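Line by line, the protein sequences give chains A and B.
Mapping to the working numbering: the first sequence position 22 is 22, numbers consecutive.
For any residue, its number in the working numbering is found by taking its place in the second sequence, counting from 1, and adding 92.
Possibly wrong hints are sitting among the right ones.
Claimed, not checked - Pulled from the structure, derived: some chain B residues nowhere near chain A, Cβ distances all over 12 Å:
(1) Arg154
(2) Ala228
(3) Leu229
(4) Val270
Unchecked claim - Computed beta-carbon distance windows for the label pairs:
(5) B:Ala171 with A:Ser10: 49 to 59 Å
(6) A:Val70 with B:Glu234: 52 to 62 Å
(7) B:Thr271 with A:Ala19: 28 to 38 Å
(8) A:Val70 with B:Ser95: 24 to 34 Å
(9) B:Ala197 with A:Gly15: 41 to 51 Å
(10) B:Phe103 with A:Thr25: 55 to 65 Å
(11) B:Asp323 with A:Thr25: 42 to 52 Å
As the list claims (entries may be wrong) - Covered by chain A, per the in silico footprint, the following chain B stretches (three or more residues, Cβ under 8 Å):
(12) 289-302
(13) 332-342
No wet-lab data here; the hints were simulated from the structure.
Only a predicted model underlies this, so the values are computations on that prediction, with no experimental measurement involved.
Each residue gets a CB set at the ideal place from its N, CA and C atoms; glycine is no exception.
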Amino acid sequence: MSLISKCLTSAAIAGAIAAASASVTAPAAAAEQEKCYGVALKGQNDCAAGSHSCAGHSTVDYDGQSFKLVPAGTCTTMETPNGMGSLEPKST
Amino acid sequence: MPSLSEVQAAFSAAIFDPAAAPPRGVVGPDRRPAPRRFGVYRNNVVSALGNAIAGSFPAVRRIVGEDFFRAMARAYVLAEPPISPVLLDYGTTFPDFIAGFAPAASLPYLHDVARIERLWRESYHAEEAPALAPDALASVPEDELPRIAFSLHPSLRLARSRYAALTVWRMNATDEPVTPVDISAAEDALIVRPGAEVEVRKVPPGGAAFVTALAAGETLLAAAETAQAADARFDLAGNIAGLLAAGALRDIRRA
Numbered sequence: 001m002s003l004i005s006k007c008l009t010s011a012a013i014a015g016a017i018a019a020a021s022a023s024v025t026a027p028a029a030a031a032e033q034e035k036c037y038g039v040a041l042k043g044q045n046d047c048a049a050g051s052h053s054c055a056g057h058s059t060v061d062y063d064g065q066s067f068k069l070v071p072a073g074t075c076t077t078m079e080t081p082n083g084m085g086s087l088e089p090k091s092t
Numbered sequence: 093m094p095s096l097s098e099v100q101a102a103f104s105a106a107i108f109d110p111a112a113a114p115p116r117g118v119v120g121p122d123r124r125p126a127p128r129r130f131g132v133y134r135n136n137v138v139s140a141l142g143n144a145i146a147g148s149f150p151a152v153r154r155i156v157g158e159d160f161f162r163a164m165a166r167a168y169v170l171a172e173p174p175i176s177p178v179l180l181d182y183g184t185t186f187p188d189f190i191a192g193f194a195p196a197a198s199l200p201y202l203h204d205v206a207r208i209e210r211l212w213r214e215s216y217h218a219e220e221a222p223a224l225a226p227d228a229l230a231s232v233p234e235d236e237l238p239r240i241a242f243s244l245h246p247s248l249r250l251a252r253s254r255y256a257a258l259t260v261w262r263m264n265a266t267d268e269p270v271t272p273v274d275i276s277a278a279e280d281a282l283i284v285r286p287g288a289e290v291e292v293r294k295v296p297p298g299g300a301a302f303v304t305a306l307a308a309g310e311t312l313l314a315a316a317e318t319a320q321a322a323d324a325r326f327d328l329a330g331n332i333a334g335l336l337a338a339g340a341l342r343d344i345r346r347a
């Protein structure tokens, strides 16, 4: 029996379960929540393939191959200047 | 004369290869090849699939901006066209694609945010099921508790990250203003839909290993040991309370 097993006796587990059960109130009954079947999540059913959007009418979309773009959305304001994130090259 | 399936395969291949010539037989009213007409068709297909990706990954889109996202989605559509006719399933591999997409390498957390969005959608469309009532455990005799196992809620998903992907996702899941984030703190997210709404919660230390072990069918005792070994800060009571409150558990399975 490992050291950890000794710590986790059935009494300890029972205590943890009791503490856990006592601290949780029942979530709202599922019956009170009604999922709206048939209502598509935005962007999933309303993006019908072959729809004649203006964007799709041109013969050539902007050139995604010459990839000069850099991320320009909220990432530019969200990260801490000294965070390890934005400047760290990916390891993969 | 090529068979219909050969014609279709050639047509499909030409759609997702912008450098390819229009397939044979694509002609205008003058019976001559119509590369511009085919170009419109190709662009519509790629554009529409890009719209589907944009609709499925709104936070990633907000993080990188519209131009970058459109270009990245286009690269994905051309590299990995749908393999299923179900548009809902399209984009399953987009997080992995982002992880290997060099222009996005400056945002190492981005593919983890994409994974949260993908798993959110899986959870949303998962089977309906009632969650285990919080007081159900009280009916199990104390000496049996270590040996019980759980079946987990069918909508339960776990998104692990070396970065603060959950915080980043939450901040970009709405249109609210963003604030600086220290992305260096690892965060695991628990995604579950016990009722109508998908709920996303931060997993406490050791919790991901705990849930993974439970999902594998381990007993409560074995899963707790696994979690403690994974992270010494693991708190059994807190984790069980968290799973009960989240509606992450479905049934108790007794040995």
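Hints that the structure is at odds with (numbers, increasing): Hints 1, 2, 3, 4, 8, 11, 12 contradicted; others consistent.
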